[in-house]
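Q: The lines below spell out each chain.
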Amino acid sequence: MSLQEPGIMTQPATLPETGEKKVTPILRVQHLNVHAGSNHILKDVNLEIPRNRITVLLGPSGCGKTTLLKCMNKLTDLYRELNVSGNIFIENDNILHTTTNIPGIRQKMGLLSQRPYPLPVSIYKNVAYGLKLKGVRDKRLIGFSVEKHLREVGLWEEVKNRLNAPATSLSIGQQQRLCLARGLAVKPSIILADEPTSALDPISSKIIEDLFKDMKKHYTIILVTHVLRQAMRLADHVIFMYDGEIIEQGSPEELFNNPQTDKLRAYLVDGN
Amino acid sequence: MRRIKILEEKFFILLSGFMAYSLIAVLAFIILVIFVKGFNALSFDMILKIPKGGYYYGGEGGVLNAIAGSVYIAFGATLIAIAIGMPAALYINVQLVRYKRTQNTIRYFLDALWGIPSIVYGAFGFALMLFFGMNASLLAGIITVALLISPIMVRTFDEVLSTIPKGLHEASLALGSTRTETAFRVMFKQGFSGFITAILLSFGRGIGDAASVLFTAGYTDNIPVNLDEPAATLPLAIFFQLGSPIPEVRERAFASAVILTAIILAISLGARYLSKRYSRTNLK
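In the order they appear, the protein sequences are chains A and B. Position in the first sequence (first residue = 1) + 4 = my numbering. Position in the second sequence (first residue = 1) + 66 = my numbering.
Next comes chain A alone, as it looks inside the complex:
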């Protein structure tokens, strides 16, 4: 894993611009602060997300991982109590400071949440939904795209005979893959996955994990998890958070074999 080089190793002192990188970052977060009233949820977060890699946001529950993820696709807008400041660049757009075309920004990212939320329509329409939003009207093109993305998540063979059945008739593991296919259909470059396997059984979890490994050829994946083993299995790049701060970031080898801080060391031992 020589792909993640020094520049993004440790904490705020090293700003993302410094250091050389063989992989250009797709997403950069600079001085991100989130307050909720007197609560300081994210404290001066600086990080870079390498392109076409799986970046794992690791940390105990309540450390701000999900909030960080929600900042990235501006779902924080839904919560008035959250006060967000700082910069988040995707490619070169500063998304925190645009007020126009928020749907367009969100379409650059597919979201996979802790439990699947299929839309209250059929399996087919779930995947077609994003295309219709984009104004695609050609039925053949939609049909083609639906099949392609259902195949991409390995769901096609299981559902091809009941595409018009309600999405909620699928098992929860299938629903999660459907939600992934639905997200992929809007052609994002980044997948935001917020503990996507926490509601799933071990087999479904493994399918999702295997999918992520395949998908990183085409997508950048940001995975939030508090499961250490999952982080070890999947991560190309690890960001360890604790209490709203980034404690360490770097390659999994560096972090897991040679933790620099007591907090990470303690977390690696007892997972908390």
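Careful: at least some of the hints might be erroneous.
[What the hints assert, rightly or not] So the derived list for chain B, only partly shown, Cβ under 8 Å to chain A, looks like this:
#, residue
1, Gln161
2, Val163
3, Ser238
4, Leu239
5, Ala240
6, Leu241
7, Lys255
8, Ile289
9, Asn348
For the record, the hints were derived by calculation from the structure and aren't laboratory data. Here a beta-carbon is modelled for each residue, glycine too, at the ideal position from N, C-alpha and C.
Given the coordinates of chain A, assemble chain B onto it according to the supplied hints.
A: Just chain B, lined up with the frame of chain A:
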């Protein structure tokens, strides 16, 4: 200690069971009483004919005028209330999602409106009617009943929408929907079965209310064919017939009550059936 716990458990199961079943028994008893009292007068003439001359002295005819008037008023009022209630409820739950305090203030006022007795709406509708120089008419009745059931409609729509998981809302936005697309393509769809229940229950409330139409809709023996004509209603038909000194007419009051109750029961059943049918694709 253990025995006390077991006794306590038994006592409360019996008590709550008794209360639940006695409530159903009361409903059954009400239906039975009006049915028995009205049975003799119940005939096809009752529901198919309008009152002939001398109907109120025991002559021929039926209460089709009141059935039609009630259905017209409740139907019209329901349409207006949907037109007001649906956008309002979607606005509260989608556009105002960040503004908890505004949401709660609006809900408070709607609950207060819900609690205002219908006679007050009747009086207000009457004042409004005079202000615009209208006579007691179908239109005035529709407007007054619409005012009466709108808060109910908004609040029940609102309850339906507020039970929709936030994750679904976020999922829709994350796919790149605007807030309006989220409201109409996702929230509306998810809430649809609940909306049907809400609409039919509001309809039921509208058709059964007497006080709001007392001064506004008037009363007539004919079926109204225009919005500016007065309209009879079933609750008022019951009221007038029940006050009669002639036993046959009082019997007809009960028969009319049976008809009104049957309409409301049919609506409740319809609500159950339709909401089941349309919740097939819903996220549980």
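Q: Does each hint hold? Answer for all of them.
A: Verification of the supplied hints:
Hint status for Gln161(B): violated, given a least beta-carbon distance of 11 Å to chain A, over 8 Å. Against a cut-off of 8 Å between C-beta atoms, the interface hint on Val163(B) holds, since the closest Cβ of chain A lies about 6 Å away. The restraint placing Ser238(B) at the interface with chain A holds, with a minimum CB-CB distance near 7 Å, inside the 8 Å limit. Evaluation of the Leu239(B) hint against chain A yields a held restraint, the C-beta minimum of about 6 Å falling below 8 Å.
A distance limit of 8 Å between C-beta atoms decides the matter here; for Ala240(B) the minimum to chain A is near 4 Å, and the interface restraint holds. At about 5 Å, the closest approach between the beta carbon of Leu241(B) and any beta carbon in chain A falls short of 8 Å, and the interface hint on this residue holds. A hinted interface residue such as Lys255(B) counts as satisfied when its beta carbon comes closer than 8 Å to some beta carbon of chain A; here the least separation is about 5 Å, so the hint holds. The beta carbon of Ile289(B) is not positioned within 8 Å of any beta carbon in chain A (closest approach about 41 Å), and the interface hint is therefore violated.
Using the Cβ-Cβ criterion of 8 Å, the hint placing Asn348(B) at the interface with chain A is satisfied: the shortest such distance is roughly 5 Å.
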